[in-house]
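Enquirer: Those protein sequence lines, which keep their order, are chains A and B. Okay, so the first sequence: first residue is 1 according to UniProt numbering, each after it adds one. Okay, so the second sequence: first residue is 1 according to UniProt numbering, each after it adds one.
Hints were generated in silico from the structure; no laboratory data involved. Please note: incorrect hints may appear among the correct ones.
Copies of one chain are not kept apart here, so a pair can be met inside one copy or by any two copies together.
[What the hints assert, rightly or not] Straight-line alpha carbon distances no greater than 30 Å define the calculated DSS-like cross-link-like pairs of lysine-lysine that follow:
{"#": "1", "residue 1": "LYS79", "residue 2": "LYS41"}
{"#": "2", "residue 1": "LYS77", "residue 2": "LYS313"}
{"#": "3", "residue 1": "LYS77", "residue 2": "LYS57"}
{"#": "4", "residue 1": "LYS41", "residue 2": "LYS328"}
{"#": "5", "residue 1": "LYS127", "residue 2": "LYS214"}
{"#": "6", "residue 1": "LYS79", "residue 2": "LYS57"}
{"#": "7", "residue 1": "LYS214", "residue 2": "LYS41"}
{"#": "8", "residue 1": "LYS79", "residue 2": "LYS175"}
{"#": "9", "residue 1": "LYS398", "residue 2": "LYS57"}
{"#": "10", "residue 1": "LYS79", "residue 2": "LYS58"}
{"#": "11", "residue 1": "LYS127", "residue 2": "LYS240"}
{"#": "12", "residue 1": "LYS79", "residue 2": "LYS127"}
{"#": "13", "residue 1": "LYS175", "residue 2": "LYS328"}
{"#": "14", "residue 1": "LYS328", "residue 2": "LYS240"}
{"#": "15", "residue 1": "LYS79", "residue 2": "LYS398"}
{"#": "16", "residue 1": "LYS57", "residue 2": "LYS175"}
{"#": "17", "residue 1": "LYS175", "residue 2": "LYS58"}
{"#": "18", "residue 1": "LYS313", "residue 2": "LYS398"}
{"#": "19", "residue 1": "LYS57", "residue 2": "LYS240"}
Note that the structure is a prediction, hence the values are computed from the model and not measured.
2 protein chains.
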Amino acid sequence: MGALDEGHFNGELENGVKLINLEVCDEEEVEATAAIEGAVKVLLQGLGEDVNREGLKKTPLRVAKALREGTKGYRQKAKDIVQSALFPEAGLDSGVGYAGGTGGLVIVRDIDLFSYCESCLLPFQVKCHVGYIPSGQRVVGLSKLSRVAEVFARRLQEPRRLAEEICSALDSGIKPAGVAVVLQCWHIQFPEADRNCFSQIHHPSEMNMQGWSKVSVRFGLGLFANEGSEAWGDFLALLKFRGVNVEKNHTKYPTSHHWCPFRSLDAPSCNGHASTHIPLNGRTPSRTGPSQPAMVAAVAMILNSLGEDPSRKEFVSTPRHFVQWLTKFRRPNMDMKLNGFDFDQFKPRLQKNMNDVDNSILDQGELQSELNIPFWSLCEHHLLPFHGVIHIGYFQAKGAEPVERSRLQSIAHFHGWKLQVQERLSRQIMETVAMIFGEDVMVVVEASHTCMVSRGIEKVGTSTATIATMGRFSTDPTAKAMFLQTVSDCTASGG
Amino acid sequence: MGALDEGHFNGELENGVKLINLEVCDEEEVEATAAIEGAVKVLLQGLGEDVNREGLKKTPLRVAKALREGTKGYRQKAKDIVQSALFPEAGLDSGVGYAGGTGGLVIVRDIDLFSYCESCLLPFQVKCHVGYIPSGQRVVGLSKLSRVAEVFARRLQEPRRLAEEICSALDSGIKPAGVAVVLQCWHIQFPEADRNCFSQIHHPSEMNMQGWSKVSVRFGLGLFANEGSEAWGDFLALLKFRGVNVEKNHTKYPTSHHWCPFRSLDAPSCNGHASTHIPLNGRTPSRTGPSQPAMVAAVAMILNSLGEDPSRKEFVSTPRHFVQWLTKFRRPNMDMKLNGFDFDQFKPRLQKNMNDVDNSILDQGELQSELNIPFWSLCEHHLLPFHGVIHIGYFQAKGAEPVERSRLQSIAHFHGWKLQVQERLSRQIMETVAMIFGEDVMVVVEASHTCMVSRGIEKVGTSTATIATMGRFSTDPTAKAMFLQTVSDCTASGG
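So that you can see chain A by itself, here it is in the shape it has in the complex:
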């Protein structure tokens, strides 16, 4: 067990903090980060954005650091992690080694991870379950199973390969009688800006990832080589104790990575950049920024700076997919027509001082609410998606028809499909609703931010909420409280 003595201050193995070889890392880090920064600037310009505007100034650096951090598994060695925590475990000193070997199955369940999809460069979420059967009196520190899984998750991946790599690393590190990995993976769908697609999105509190592309994969070696083996039976039984039913969810899918929804967008006769440019319903692409091929080349350079070979067959379409995704959030013209609304007709109203409105009329109105309107947007600080639901409350004169939900949904789309921050989104939706339908508006936006999970923060399960109020909702706490109660009632009942 000489391995136990090595690396006294090799902090990376224990706490994830690097304490050695920092001079070397620094130089490589600076170079790779700078290269990615440059590429991200090209992408932002390709979206028609001003890279010098306040919210975007540091975005290229943020994206670069997040990507490097999110793929640091390329620069970590799983073997070191395992070997620093192998313990001889002989059983009772009295020698009743009756059970044979070191004992039975050992598993760690529900390890939350994220990884980056090699087909589209977007992060995907992973629930990882690892098990092994010790042999030769070797057991490994339980947290190392999680650490090793993370090394391979922090690379550009595809679920089956991820499972295989974790398994193989543990197999060669621990030399167990058998080792197995079960992964449940969730990938963001490729949302279209039409209503039908959004029926998949649910209130973030549900956290059931409905509407996400999901696969379960499993892989095993040694006693787990055969999927019908007794060892697998034990493993799956222990997962069932926690409500994880892999047999039922287990999806057989080909080794090619068709689980990524972006793959299905590939035109059948796709070659080169043929299907790169998919303009969003009616939006005209920017004429001033870099061309699509330049954006695709920039993403290829990012792959390179992460330590991958962009010409590897898995990556051939990746830059194009990522650009397709980004292009969805191209800065729209503000005077465009939005699903039948002509914003120009509201411009005079936009200039009006809304404080002039006679509030006595509004007091006669009735509280209307439209809840759980789904939306997607792109965080302008990290170029990562955030999504969730919007609740809109407004007062309407008696007898008037309530606003159609589809119109509110259109407004949410209009402000969502661009580089955004949630605070601004809430305000913009509120102000647009006010322009069109009246001055007493309240908007609550509830969202999950991919950037809270996938860049070193890793706070799985957090959600954000923002409130924006105008008119009566600003001045009358009772009106605001009434609307919040309406949302609460609806949410509590599973709405």
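Once you've looked at the hints, dock chain B against the given chain A.
Expert: Just chain B, lined up with the frame of chain A:
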């Protein structure tokens, strides 16, 4: 907004990876780590352990690094974190600044954290909710709310002070119209080795932390200074959307830290080390190791090495509490009597080769199972508790009385109350049950390990499971499967 340009490669602010000032940190780190290592060796020896045995060799280093990592908040500046991500957010360019200021309430919910209790040095779990109302067009990157909370969580804390410090840091960093923090905190109870106490422990899959000491605290500044304010009404309403009902759970507790269960152990007339030594039911303390005062002094030195002043009033009893806790896990004499069992009487059986047993008799037996037997233990690799439930299955000759649950509980206690690893615990319980009641035994241990959460791994919600089998359960897959199904049925129905 000059702050936006500072610290181009100050990686700590964005990704938690330090890239600067490493030479300085290194020296301090090495010194502090070495000091803690020395202190942990004293503690281990005080528990009667051999610090050179295989499983403990690296424990002092592991504990030292975990504690330094877990208290790195002392060496971080919240102000830098906030100021690196302040964004001017003026609202719509068209100037419809109707809502006043930058908009309404912004909150981040369900941030999972852990912290260290200043009264006993054990980690406690935190669910943190942060909100603020922007002012002067200043909004902060959403993930920074989580980052700042973490800076103060990674210190020795007490819930109310933690909430106050997070709040104050955000207040001075963002200068908002108001800022508020709600914390839900769970502290491990001080378990006694009698059965009654253990009725609090539940299957780890419930994750409802029943049986833990829980407090909810809230603190606010600016518009949140008054607990009955409109701003608080909005915040609490948004928490309700996610099922967090703070009003109901809100516990008023005095500013002194009586929430820590270890405080209640202080003798009323406690002075100095009067109540330090609490031997565990019948266990005789080691006579060879360091004295209790030496152990208490060692813990005081650890506090010092974490950057705290052990003479601060909050820390006066902390070393004693931690030693009290540790002493619970003092290595017992193997020949002690265990709640009425005399192990000596089973020694001859222990020596017997169990393979000689006539299995034809056992085939007549009936599967018995005793499920969800609670246990506590101490991870010998990290000196942190792990706990959960044990399921025991065995075959018993027809007509014989089933084993009393209390006896199995005693065996779980006997093997749990010491420095352990889960794999060994499973095997030792199995072998003891076999010695006493028969050779066909299967044990499943399900546990939550504090060390998986509180030392940089931070995988909240993971759980481990281990299987150990003997006799018929080793040779007959049907028997094993039958028992696993029994556990599954019981677990699924909420047992």
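Enquirer: Please work out whether the CA atoms of LYS79 and LYS398 approach to 30 Å or closer within one copy, between two copies, in both situations, or in neither?
Expert: neither (71 Å within a copy, 51 Å between copies)
Enquirer: Which holds for LYS57 with LYS240 at a C-alpha limit of 30 Å: within a copy, between copies, both or neither?
Expert: neither (48 Å within a copy, 36 Å between copies)
Enquirer: With identical chains, the pair LYS77 and LYS313 could be close in the same copy or across copies; at 30 Å between alpha carbons, which is it: within, between, both, or neither?
Expert: For LYS77 and LYS313, only the intra-copy Cα distance (24 Å) is at most 30 Å; the inter-copy one is 45 Å.
Enquirer: How would you classify LYS328 and LYS240 at a CA-CA limit of 30 Å: within, between, both, or neither?
Expert: neither (40 Å within a copy, 34 Å between copies)
Enquirer: With 30 Å as the alpha-carbon cut-off, assign the pair LYS127 and LYS214 to within, between, both or neither.
Expert: Both: 11 Å inside a copy, 28 Å across copies.
Enquirer: From the Cα coordinates, with 30 Å as the cut-off, is the pair LYS79 and LYS41 best called within, between, both, or neither?
Expert: between (37 Å within a copy, 28 Å between copies)
Enquirer: Can you give me the call for LYS398 and LYS57, within, between, both or neither, at a CA distance of at most 30 Å?
Expert: Classified as neither; 48 Å inside a copy, 78 Å across copies.
Enquirer: Is the C-alpha distance from LYS127 to LYS240 at most 30 Å within one copy, between copies, in both cases, or in neither?
Expert: both (14 Å within a copy, 27 Å between copies)
Enquirer: If the cut is 30 Å between Cα atoms, do LYS175 and LYS328 qualify within a copy, between copies, both or neither?
Expert: Answer is neither: 48 Å inside a copy and 35 Å across each miss the 30 Å cutoff.
Enquirer: Is the C-alpha distance from LYS57 to LYS175 at most 30 Å within one copy, between copies, in both cases, or in neither?
Expert: between (50 Å within a copy, 22 Å between copies)
Enquirer: With identical chains treated as interchangeable, where does the CA-CA distance between LYS175 and LYS58 reach 30 Å or less: within a copy, between copies, both, or neither?
Expert: Intra 46 Å, inter 22 Å, cutoff 30 Å: inter-copy only.
Enquirer: Up to 30 Å between alpha-carbons, please classify LYS41 paired with LYS328: within, between, both or neither.
Expert: For LYS41 and LYS328, the Cα distance is within 30 Å only inside one copy (17 Å; across copies 59 Å).
Checked against the numbered hints given earlier, the structure breaks hints 7, 9, 13, 14, 15, 18 and 19 and satisfies all the rest.
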